[in-house]
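K.L.:
The chain contents come next:
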Amino acid sequence: MLGEGILKGLAETARNFFGSFVSKERLTTVQFPEERLPQPEAARNFPFLVYDGDDSQAGLRCVACQICEKECPPKCIFIQKSSDKKPDYIGKQQFYPAVFNIDVSVCMSCQICVEVCPFDAIEMDNAFELSTTDRFRGLLWSREQLAKPNSYFHNIHPATAAEVDERLAEAKARAEAKAKPTVAASTTSQPDSQTTTS
Amino acid sequence: MTETMDQIFVLLKHRILAHSPVSVQPIFSAALSAIAILVVFATLFALTTILERKGLGRFQNRYGPNRVGPFGLLQPLADGLKSLTKEDIVPHSADGVVHMLAPIVLVVAAFLGYAVLPLGRNMTAINLDAGLLYFFAASSVVELAIFMAGWSSRNKYSLLGAMRAIAQMISYEVPLILSTITAVMAAGSLSTGAIVESQTGYSGIWPHWFVFTPWGFAGFVLFMIAGIAESNRSPFDLPEGESEIIAGYFVEYSGFKFALFFLGEYIGMFAICGLAITLFLGGWAAPFSFLTWAPSYFWFFAKLLVLIAMLIWVRATLPRLRMDQLMNFAWKFMLPMALINLFAASTWHFTPPGAIRWIVGTILIAVPYLLLGRGLMQSNKLEKRTYRFAD
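Sequence lines, in order, name chains A and B. Each step along the first sequence adds one to the number in the working numbering, with nothing skipped, and position 69 is 69. Each number in the working numbering corresponds to the 1-based position in the second sequence with 1000 added.
Chain A on its own, in the form it takes in the complex (with noise of 0.2 Å):
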């Protein structure tokens, strides 16, 4: 019969009308600011640089090679490397970066920074929420806005982390069995290994 449809339709409507006061599960939005839903391990915005240790300038992994503002396709990230050396996690002198700035409104989140950097100093953030209201200094953000500790990094993506870590680990046992012989041979030969892998 002709309109038989439209009662229809009008009916089905009208539960949900009244079903979503009465049923919660009916309604799936998500009240953004106060709820929200957890993030995927693999979500991804913007890179930070890792820390370790307490201190978030003195412990930065990052030995500023330079590699990731060369690779990085929007330009967004400057460097100044250091005149003078610090150690690093294994013990040796390293250049640390005096001046690192990543620009928040050109970076493109293509994590080819993360790729590319040999010494998984820099990684990649899932905050979102960096809107402010000065859009020139306010969106380029220093090497101290950038520092995150590990624990920080292990907290948003654990997987990533942890194969960080063990990578780290390894390098460093790798480093203390080379350097342990050369230490029992003889101890003069020590700076040499220092200069052979510097």
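What the hints contain is simulated information worked out from the structure, not anything from laboratory work. Possibly wrong hints are sitting among the right ones.
[Claimed, not checked] List time: in silico DSSO-like cross-link candidates among lysine-lysine, alpha-carbon distance up to 27 Å:
1) A:Lys85 <-> A:Lys178
2) A:Lys148 <-> A:Lys92
3) A:Lys85 <-> A:Lys180
4) A:Lys24 <-> B:Lys1054
5) B:Lys1384 <-> A:Lys8
6) A:Lys81 <-> A:Lys172
7) A:Lys85 <-> A:Lys70
8) A:Lys8 <-> B:Lys1082
9) A:Lys92 <-> A:Lys81
10) A:Lys148 <-> A:Lys70
11) A:Lys148 <-> A:Lys85
12) B:Lys1013 <-> A:Lys8
Following the hints, complete the assembly by docking chain B onto the known chain A.
P.N.:
For chain B alone, kept in the frame of chain A given last:
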């Protein structure tokens, strides 16, 4: 006491008028009524936008707007401020004067109809003897405004939208007016006040509304369908079909002019609902004889809100029609049914009261409806669409 409550606005107006000189009283009286109508219906518009958005949300299992103020109730205020502060862009090649005039003409034309709507007992702004005629004459200016908007924008989408609007509104005006004639026949007057007066009686507790007769019910349904089409609302919102022609005739409007179009559309919708209440739902009359203590204007606005809720419900349910479906529906179904309804109404008048009249009246409407429906469905057989490549 109930008598005073019922007539409180009328008494207030008389009190104010008593302080003005006799020579300016007629124009002053009209201005007072106009201001009251403008304020009340503009407020109702603001209320309806938030209710509609929240209601549509619930119909679609969403919350709807709930951020501005408690429960999102200040949303209309935020919307209004937003549209006021937006840039008003007039296209370079548009006809500036007509482009600016169109939203004003639309709002004025939409408001004109309220002059003859009885909002309560003795609460008609101007009680014309041919009120219904005036209403349709005034509301047909809306078509002019829409075509002005579409043509002056110099945009193919607005012109397409305007052409659709003209085709649709003229087609649906025929069944709209034909369906009202039944009520005019029953009341024996074109005056909206007289039409309401003829429905104010009660048999026991049941009211004498025209909608409770076979021809009245059919007339009401036809009137509402044609009225939805006339006010360009979903499912008849082809003139502004977002998915096809962006926003139709007001695609080139921004800022406050856009808000005026929005206002005009809703005001027109309230006017059509108000007329449906006047003609078929007993105007300001209470639904039961034991409820007559409540003020008459309360019943009018209660009925108006119910009809608006119904329109929101329909909007949430039905998808937009196609242009050929729209025209087929108007000329092959609405028009014949309106004419048959006219015949049924006249038969009702010339049959003595009793069961016979009810049976004859029902058969005269139900049988053509079923036959017409079956015929239209058969000629329009739906087949399962087969795709050669997309599957």
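K.L.:
The structure should be examined with respect to each hint, and the outcome stated for every one.
P.N.:
Status of the hints after comparison with the structure:
Between A:Lys85 and A:Lys178 the CA atoms are separated by roughly 22 Å; this keeps the pair inside 27 Å, and the hint holds. For the given pair, A:Lys148 sits about 22 Å from A:Lys92 by alpha-carbon distance, which is consistent with the 27 Å threshold. Taking the CA atoms of A:Lys85 and A:Lys180, the gap is about 23 Å. The hint holds against a cut of 27 Å. With a C-alpha separation of about 16 Å, the suggested pair A:Lys24 and B:Lys1054 falls inside the 27 Å cut-off, and the hint holds.
Of the pairs offered as hints, the one joining B:Lys1384 and A:Lys8 holds, with about 21 Å between alpha carbons and a cut-off of 27 Å not exceeded. The hinted pair formed by A:Lys81 and A:Lys172 meets the criterion: a straight-line CA distance of about 24 Å does not exceed 27 Å. Under the criterion of a C-alpha separation no larger than 27 Å, the hint pairing A:Lys85 with A:Lys70 is consistent with the structure, at around 22 Å. Straight-line distance between C-alpha atoms of A:Lys8 and B:Lys1082 comes to about 39 Å, which puts the hinted pair past the 27 Å bound.
For a cut-off of 27 Å, the pair hint linking A:Lys92 to A:Lys81 stands: about 17 Å separates their Cα positions. For the given pair, A:Lys148 sits about 23 Å from A:Lys70 by alpha-carbon distance, which is consistent with the 27 Å threshold. Straight-line distance between C-alpha atoms of A:Lys148 and A:Lys85 comes to about 21 Å, which keeps the hinted pair within the 27 Å bound. This hinted pair does not check out: B:Lys1013 and A:Lys8 have alpha carbons roughly 48 Å apart, beyond 27 Å.
Hint compliance for this structure: hints 8, 12 are broken, all remaining hints hold.
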